[in-house]
Amino acid sequence: MGFFKSNKEPQPPLPALFISLTSQEDTVFKPNDTVSGHLTLTTPLPITPQAIEVSLWGKSKTWIRTSTKRNNTTSYKHYRDDVSLFDVTSNLFPAPHLLSPEQTYIFPFSFRVPEGTGVNRSGCYEKDGDERWTVFPHKLPPTFL
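Note that the sequence shown covers residues 1 to 145 in UniProt numbering.
Keep in mind the hints are simulated off the structure, nothing from the lab.
Please note that a few of the clues may not be correct.
Unchecked claim - Okay, derived cross-link-like pairs now, SDA-like style, lysine to any residue, Cα gap no bigger than 20 Å in a straight line:
1) K61 with S122
2) K59 with H138
3) K61 with D82
If you're wondering where the values come from, they're calculated on a predicted model, not measured in any experiment.
Input sequences plus hints: build the corresponding full structure.
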C-alpha cells in the first residue's frame, strides 16, 4: 500500500563539527573575559561553504510566583520571562572556497563577554516600572556558569 514508503532521496553524509574551548571545563566567565577556542571540521564530501559562524550568547530565564492569602483562599500570580541578554556572532570563514574530503580544518575563534545587555524591553511587561523587571539596557551580572 505504500504507507511506509518514502520518495525522498537519501541525503549525503554531513560534515563533522567539533568546538573546543581553551579554558578549563569549570571556568566561570565574567563581563570583559575572553572566551576562545577552535572549531574543527572534517567533511566526507567536497563542500564550498559560504560561511562558518560561531555564536556566543547569554540569556536569562525567570520564574517568580507570589501568593496572597485571604480568608481560606490563596491566590497565586506567576511572572515568567525568557530574555536574550547578548548575542555575538563571528564568521570564521574568510571567503568561500572548496574544502576537500577527509582533511581536518581548524578555525580559531575568540569572543569578549560584553559588559552589558544592550536590550531595551520597554513595553514588554504589564507594569514596566515594577522593581521585578529591569527593562532598560543594564550591566551583566558578575559571573556566568
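Going through the hints against the structure:
Distance restraint check for K61 and S122: the Cα-Cα separation of roughly 17 Å lies within the 20 Å cut-off, and the hinted pair is therefore satisfied. Distance hint between K59 and H138 is fulfilled; the C-alpha atoms sit about 13 Å from each other, no more than 20 Å. Distance hint between K61 and D82 is fulfilled; the C-alpha atoms sit about 5 Å from each other, no more than 20 Å.
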